[in-house]
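First to last, the sequence lines map onto chains A, W and B.
Counting in the numbering used here, the first sequence runs from 1 upward without gaps.
Counting in the numbering used here, the second sequence runs from 160 upward without gaps.
Counting in the numbering used here, the third sequence runs from 460 upward without gaps.
Since the hints were made in silico from the structure, they are not lab data.
Treat the hints with care, since some could be wrong.
Not the full set, but computed from the structure, chain A residues with beta-carbon under 10 angstroms of chain B [said to hold, decoys possible]:
1. Leu56
2. Pro63
3. Leu75
4. Leu82
5. Gly94
6. Met99
7. Ile100
8. Phe101
9. Gln102
10. Glu103
11. Pro110
12. Val111
13. Gln117
14. His125
Derived DEER-like restraints, expressed as beta-carbon distance ranges [what the hints assert, rightly or not]:
15. W:Phe422 <-> B:Leu469: 51 to 57 angstroms
16. W:Leu358 <-> A:Pro66: 39 to 45 angstroms
17. B:Ile574 <-> W:Ile217: 40 to 46 angstroms
18. A:Ala70 <-> B:Ile464: 35 to 41 angstroms
19. A:Glu46 <-> B:Phe566: 53 to 59 angstroms
20. B:Leu597 <-> W:Pro219: 26 to 32 angstroms
21. W:Ile217 <-> B:Lys680: 57 to 63 angstroms
22. W:Asp244 <-> B:Arg726: 16 to 22 angstroms
Computed from a prediction, not measured in an experiment: that's the story for all the values here.
Backbone N, C-alpha and C define an ideal beta-carbon position, used for all residues, glycine too.
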Amino acid sequence: MKKVDEKILEVKNLQTHFFTDEGTSKAVNGISFSLNKGETLGIVGESGSGKSITSLSLLRLIPSPPGKIAGGSILFKGEDLLTKTEKQMRSIRGNEISMIFQEPMTSLNPVYPAGEQIAEAIRLHQKLGKRKHGIKRLTCFGSSASLHQKRGQNRSRMS
Amino acid sequence: MKPEVVINNTELNVKERKSPKLRHWKAFYKKFKRNKLALVGGYIVLFYILLAIFAPLISPQDPYEIDLVNKLQPPSAEHWMGTDDKGRDILSRLLYGTRLSLTVGFVSVFFGAFIGILLGLTAGYYGKWIDTVIMRIVDVLLAFPGILLALAIISALGPSLINVMVAVGVFSIPMFARIVRGSTLSVRKLEYIDAIRALGATDFTIICKHIFPNILSPVIVQATLRLATAILSAAGLSFLGLGAQPPSPEWGAMLSSGRDYLFSAPHIALFPGIAISTLVLGFNIFGDGLRDALDPRMKK
Amino acid sequence: MFVFIIRRVLQTIPVLLGVSLVVFLIMQMVPGDPATLLAGEGATKETIESLRHELGLDRPILYQYVDYVLHAVQGDFGESLRSSRPVLDEIMVRLPITLELALASIFITVVLGMIAGIISATKQYSAADISIMIVALLGISLPSFWLGLMLIYFFSVNLQLFPVSGWGTFSHMILPAITLGAGGAAIVARMTRSSMLEVVRQDYIRTARAKGLKEHIIIYKHGLKNALIPVITVVGLQFGALLGGTVLTESVFAINGLGRLIVDAIRTRDLPMVQGGVLIASVIFVFMNLAVDVLYRYFNKRIDLN
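Use the sequences and the hints to build the structure in full.
Shown next, in the form of structure tokens:
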């Protein structure tokens, strides 16, 4: 904790709303927090309190429609992510900000091996060739086998 | 176990069951009304039904009157859709033909749905070997490619519009049986069916009062879409000369007579085709809309 | 996989027996006596009786059915009442033409249908999507025989691009294949679209997005393969509709295939021919379904779990 001042992430008054036929649902209504370099922040709350929506908002992955980031700002390394283009966001996703989803049964594509899917993000952003990174790490889990075979075993390890 | 508790429970149940139902239909109507395309489909179908009912009043001419002097006339002020190879007014024939197509569609789908529902309910409700036997029969009926089963039936019964209804009806049985069986199975497993049975309800009451209402919406959707298929199949069979016989103004038969004059008088084949397509389109989009409104998860 | 194929092949046997039984029973519903029909007008009672005996019609019905199946398995479907030639011989002359037509049409169904469906789904609510969906709705509503006639009118009569009827060259194939394949293409397009839209909502697509993958990689690598799995089943079912549809298309374009053979046989009340034709077309469809099931299984390994 040397560089206390170096804020890597600062969320100010973030509002993510869902506009449905039954009315507007304010899933995230004005959350603010900040995170310094090297710090770990845990957000705790009951289900439906907006933890996932907050995290998805950081990556700008809110399904739209019906969801929309209605207000606030997300400063990442001093730049507002809400003003970035989709292309700029792509180079941040899985590279500078990553998200590990719950439920590997549905969060991983059933037609590809799990290891390959994990390696995909690394390959993409570090411009590595196939099977260089990641996959080797995971071979001890037996992940190069098809997902459907090893899923049960991997599930606990990956989540 | 005290009697008051039981009475209170049933009262509560009735209340609970009624209000969601009402809400369900309101939601359905709201959803359906918002689907503009489906509404258009409904209007097309309604329009054709009205045409069929009032055909004798609105037909400009006698659909059977032969006028060889004016045969193969292109559309004109007197004959809006021209005349056919025997000088009959095509518009009038199409209007009368609406009655035939709608009748064939409704009768055959009703027939197919009735038997299909009966089979599906029996299979789904009683299960075990009855289910196996019925579903094997359904599998066999589905093993015939497309319209060929209907064709085989007609080959035995002989060509006529009545036999087309039978053939097309049989052709629809397996679809209904499958859908009804699936829905029956899922309802039958619910606990409240066991509860009702424990109260001494007969199989007949359970099927009629508790299972049937639950299978109704998929059946209505399927029946609407099936009407489109039935009308197409019946027109196809008549086109092949295996259905309605001349001088019947059946659309498929009219189209068939038009093919000989495709060079000199293409309008003879054109208008019956438009009539069939529009009606079938109406049923298709109406059925799509019903499906979306009744059960968004149901596909196919 | 191998066990699955064997089991699936064995499962077709009762279906095929059922199909043959249905065909056999339908022919039993024919009013009148086949022997009388065969003997022709003015035949004596003795001739008819001996013919009945010869055909085995005086024996119990179950016996007749077993006899029919035993002969059919050996390729003996009886003789055509009209030409007195073996039914199988006549069918074998016509079958290749129908299969050619069916394959050309299924090609149109699959390729056109999938491409249209993918475009529609990836550009949901765009002008392209809306027009494709309207055309697809028309596609499932147009009677194929009418579409065929209109194609002949525009492309053969007016523009003289293609021959009006017949079979043999590539240009003969185009209009009939479009006629027969259009309806299926419309269904496949609708199915592909809804399946794609369903897949795009799945969690693993969100995961792919979170990795920062490009949109087209997300769609084609992570979406398409999953989306096409249910489409395979639809294509299999379409093959059946298509095989039945050859009856109409061959009639419109005067193609001497199996479909036309069956229709002509119905008109001339050549029952053994109808029986044989319908049976063989059904057998082809049953085996086609078998192939689709194996393919489905291959693509959808998840079934293993269930």
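Each hint tested on the structure:
1. The closest approach between the C-beta of A:Leu56 and any C-beta of chain B is roughly 8 angstroms, which is under the 10 angstroms cut-off, so the hint is satisfied.
2. About 8 angstroms separates the beta-carbon of A:Pro63 from the nearest beta-carbon of chain B, less than 10 angstroms, and the hint is met.
3. At its closest, the beta carbon of A:Leu75 sits 19 angstroms from a beta carbon of chain B; the interface hint therefore is violated under the 10 angstroms criterion.
4. A distance limit of 10 angstroms between C-beta atoms decides the matter here; for A:Leu82 the minimum to chain B is near 17 angstroms, and the interface restraint is violated.
5. Contact between A:Gly94 and chain B, as hinted, is supported at the beta carbon level, the nearest pair being about 4 angstroms apart and thus within 10 angstroms.
6. Annotation: A:Met99 was flagged as interfacial toward chain B, and the flag holds, the nearest CB pair being 5 angstroms apart, inside 10 angstroms.
7. Because the beta carbon of A:Ile100 sits about 9 angstroms from the nearest beta carbon in chain B, less than 10 angstroms, this interface hint is met.
8. Interface hint at A:Phe101: satisfied, since its Cβ lies 6 angstroms from the closest Cβ of chain B, which is below the 10 angstroms cut-off.
9. Given the 10 angstroms rule on beta carbons, the hint for A:Gln102 holds: about 9 angstroms separates it from the nearest Cβ of chain B.
10. Of the supplied interface hints, the one on A:Glu103 holds, with its beta-carbon coming within about 7 angstroms of a beta-carbon of chain B, less than 10 angstroms.
11. Checking A:Pro110 against chain B: minimum C-beta separation of about 5 angstroms stays under 10 angstroms; hint holds.
12. Checking A:Val111 against chain B by beta carbon gives a least distance of about 5 angstroms; that is within 10 angstroms, so the hint holds.
13. Below 10 angstroms, beta-carbon pairs count as interface contacts, and A:Gln117 has one with chain B at about 8 angstroms; its hint therefore holds.
14. Nearest Cβ of chain B to the Cβ of A:His125: about 7 angstroms, under the 10 angstroms cut. The hint holds.
15. At roughly 54 angstroms, the beta carbons of W:Phe422 and B:Leu469 sit within the given window of 51 to 57 angstroms.
16. In this structure, W:Leu358 and A:Pro66 meet the distance hint of 39 to 45 angstroms, their C-beta atoms being roughly 44 angstroms apart.
17. A hinted range of 40 to 46 angstroms for the beta carbons of B:Ile574 and W:Ile217 is consistent with their spacing of about 44 angstroms.
18. A hinted range of 35 to 41 angstroms for the beta carbons of A:Ala70 and B:Ile464 is inconsistent with their spacing of about 55 angstroms.
19. One distance hint, 53 to 59 angstroms for the beta-carbon pair A:Glu46 and B:Phe566, holds here, with the actual separation near 55 angstroms.
20. Restraint check, B:Leu597 to W:Pro219: a C-beta distance of roughly 29 angstroms satisfies the suggested window 26 to 32 angstroms.
21. For the hinted restraint 57 to 63 angstroms between W:Ile217 and B:Lys680, the CB-CB distance of approximately 58 angstroms keeps it satisfied.
22. Separation of W:Asp244 from B:Arg726 is about 20 angstroms and conforms to the stated range, judged on CB atoms against 16 to 22 angstroms.
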